[in-house]
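Peer 1: Residue-level listing of the chains:
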Amino acid sequence: MPRCSLAHGHRTLEPRIRRVIEREQVLHVAKLARLRLSEPEIEKMAGELSGILEHVDRIAELDLDDVLPTSHVVALENILRPDEPRPSWPQEVVLEQAPDPTEGAFRVPSPQADS
Amino acid sequence: MGELLELTVAEATARIAAGDVSPDEYFGAWREAAAGDDLNAYLWRAEEGEGGGEGPLGGIPIAVKDLFCTEGVETTAGSRILAGHRPLYTAHAVWRLAGAGAEVLGKTNMDEFAMGSSNENSAYGPVLNPWDRARVPGGSSGGSAAAVAGGLAPCAIGTDTGGSIRQPASLCGIVGMKPTYGAISRYGMIAFASSLDQCGPLTRDVTDAALLLNAMQGRDPCDSTSVGIEGGVTAPSRVDLRGLRFAVPAELAHDAIEPGVREVFETTLQRIEELGGEIAEVPLPHAEHGISAYYVIAPAEASSNLARYDGVRYGMRVESDGDLIEMYESTRAAGFGDEVKRRIMLGTYALSSGYYEAYYGRAQKVRTKIVEDFAAAFDSFDFVVTPTSPSVAFGLGEKTADPLAMYMNDFFTVPMSLAGIPAISIPAGLAEPEGGGPRLPVGFQISAPAFAEQRLLDAAYALEQAIGFDAKPGDRNG
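Chains as they are written, first to last, in our numbering: chain U, 3 to 117; chain F, 502 to 979.
Please keep in mind that the hints were generated in silico from the structure rather than gathered at the bench.
Quick caveat, the model's predicted, so the values are computed rather than measured.
Do not take every clue at face value.
As the list claims (entries may be wrong) - What the simulated footprint calls covered on chain F by chain U, stretch by stretch (three residues with Cβ under 8 Å from a Cβ of chain U suffice, anywhere in the stretch; the number is not a length):
(1) 644–657
(2) 801–812
Unchecked claim - So, partial list: chain U residues that the calculated Cβ filter (under 7 Å) puts toward chain F:
(3) 29
(4) 34
(5) 37
(6) 38
(7) 50
(8) 52
(9) 66
(10) 70
(11) 71
(12) 72
(13) 74
(14) 99
(15) 101
Unchecked claim - Calculated Cβ distances over 10 Å to all of chain U for the following chain F residues:
(16) 532
(17) 539
(18) 581
(19) 600
(20) 625
(21) 771
(22) 777
(23) 781
(24) 821
(25) 845
(26) 847
(27) 940
(28) 953
(29) 955
(30) 956
(31) 970
No residue lacks a Cβ here, since even glycine has one placed at the ideal position from N, Cα and C.
Go ahead and model the full structure; you've got the sequences and the hints to work with.
Peer 2: Here it is as structure tokens:
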């Protein structure tokens with residue numbers, strides 16, 4: 003199947019060093035994202051992310067110096083409402099969805115493992 | 502009973518309102534049809550219906566993408582990590598539909614957290630395309646599209662972040678519309694990329710799309726970015742396209758579109774001219790960078806939105822002997838599928854120290870350029886038109902090994918998402934897939950300036966009438 007890479011049609015891309023995400027970077031990012039990856043996943047992720055980023059890197063060639071970033075497309079202004087207390091969900095209803103509710107709270111493992 | 506299933510939503514509401522058909526009978530007929538789901542389109546189906554209520558959609562059953570929270574009804578977003586999750590509240594869009602008299606017929610299968618273009622990323626198995634069960638229905642709203650195309654629901658709703666309504670509608674031969682960002686509240690829609698996500702209808706025709714859109718749109722205090730469409734929309738009735746100007750992006754003159762898709766696209770342009778519309782090429786120079794910008798911005802927002810799935814407050818937890826961090830990591834490793842992990846990694850990388858400006862910062866600037874390209878086009882044109890998807894439905898498993906090839910399915914739909922403008926895909930004809938085989942549906946995408954939904958629906962309706970697409974799965978060569 004042909005890729006729909008319309009960008010290729012009308013200019014030649016400058017040759018450049020191919021960015022490759024190394025294993026160490028994958029592990030670092032996985033740690034930031036709180037994801038544990040298996041050994042095969044680490045290798046696969048490094049290759050796939052490199053391929054995607056190589057494509058994304060084309061935007062590095064655009065002249066964007068004086069361009070303002072767009073984070074949102076709808077022009078909105080802050081609207082204030084009166085800060086009045088409103089009813090919320092009862093504690094026990096919310097805790098029904100929790101994997102380990104205990105004494106009106108969310109129970110979790112200790113932040114520091116026994117060592 | 503079979504005759505009831507042939508009615509469009511607009512026809513059915515008229516029959517129900519006139520007392521010719523009882524809401525119970527109508528809902529029952531559809532419940533029976535949905536029970537015959539052999540496409541894996543549904544993840545949950547209503548056991549019994551109350552026949553809905555009074556209103557413009559009185560008695561209409563609706564298939565709802567499993568991304569919308571429904572109070573007390575399992576809502577998984579196609580993910581293992583939310584298996585068994587029963588939300589405490591109902592999404593605003595669904596609540597509005599119910600307020601208009603509609604009733605939920607079922608929850609539809611989808612790519613996990615709406616990340617995908619083939620529905621193969623669902624933790625609950627892929628959805629099959631009713632036109633050819635060896636092919637994908639598109640995604641991420643694949644279950645909603647397959648349900649409508651396959652006669653398992655009269656209409657459906659989905660969400661579109663980069664094409665997730667329009668692309669599956671195109672691949673399944675139905676109408677799919679992404680309204681302007683802000684037209685419909687996102688409250689209760691499980692978040693993927695918050696600056697892009699928007700709810701919309703998947704229907705048999707343009708009139709039904711207008712009906713559903715009008716019922717769902719409006720400002721909602723629970724979503725500060727929702728503004729609604731002033732005056733709402735009414736049923737389209739335009740019969741010609743005289744005085745309207747259609748822009749075709751000049752960059753389309755390249756070779757990446759399947760020949761069959763290109764042919765249907767060209768024929769549709771001729772029809773526009775026959776209806777009195779004017780067509781001209783217009784430069785949209787940054788649209789080709791849409792995929793690059795999108796696959797930085799959307800994963801970046803997703804990596805933040807999906808941080809909430811940590812095994813603490815709801816959803817699944819994987820217990821371990823270790824500390825809190827280990828519990829987080831074990832839960833997320835087991836709960837998320839490959840594509841979701843890939844996007845969380847991509848987004849986290851793009852936002853990480855040292856890479857933020859090069860990726861996220863630049864992608865946001867490209868987004869500005871794309872917004873400006875469309876603004877310039879709409880200075881002298883009413884619409885921008887493209888094929889919805891570069892290809893017809895592709896085979897199951899064909900693109901799963903190459904994420905970038907999969908992302909390219911979104912080439913024509915992502916720019917409108919980044920610009921926040923409304924776009925609709927209507928079935929325009931059938932084309933043979935590359936490599937041969939029975940002919941499959943091809944979608945035609947029309948986009949318009951922000952909040953010009955009425956103009957968009959009117960033009961799509963006029964074109965729909967002229968095309969007269971009446972092929973159905975099963976009579977593919979008709």
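Peer 1: None of the hints should be skipped; say for each whether it holds.
Peer 2: Going down the list of hints, with the structure as the test:
1. 644–657: Since three or more residues must qualify, the claim that chain U covers the segment 644–657 of chain F is violated, with 0 doing so at under 8 Å.
2. 801–812: holds (count 4)
3. 29: violated (11 Å)
4. 34: holds (5 Å)
5. 37: holds (5 Å)
6. 38: holds (4 Å)
7. 50: Where the cut-off is 7 Å and the nearest Cβ of chain F is about 5 Å from residue 50 of chain U, the hint holds.
8. 52: violated (10 Å)
9. 66: holds (4 Å)
10. 70: holds (6 Å)
11. 71: Nearest chain F Cβ about 3 Å off; hint holds.
12. 72: holds (4 Å)
13. 74: holds (5 Å)
14. 99: holds (4 Å)
15. 101: holds (4 Å)
16. 532: holds (28 Å)
17. 539: holds (27 Å)
18. 581: Consistent with the label, residue 581 of chain F stays out of reach of chain U, its closest Cβ about 14 Å off (over 10 Å).
19. 600: holds (21 Å)
20. 625: Label holds. Min Cβ-Cβ 20 Å, cutoff 10 Å.
21. 771: Label holds. Min Cβ-Cβ 23 Å, cutoff 10 Å.
22. 777: Residue 777 of chain F is indeed farther than 10 Å from all Cβ atoms of chain U, at 30 Å.
23. 781: Holds, since 19 Å exceeds 10 Å.
24. 821: violated (7 Å)
25. 845: Given a closest Cβ separation of 5 Å, the condition is violated.
26. 847: violated (6 Å)
27. 940: About 18 Å separates residue 940 of chain F from the closest Cβ of chain U, which puts it past 10 Å; holds.
28. 953: holds (14 Å)
29. 955: The assertion about residue 955 of chain F holds, with a minimum of 19 Å to chain U.
30. 956: holds (19 Å)
31. 970: With a cut-off of 10 Å, residue 970 of chain F remains clear of chain U, as the shortest Cβ separation is near 24 Å.
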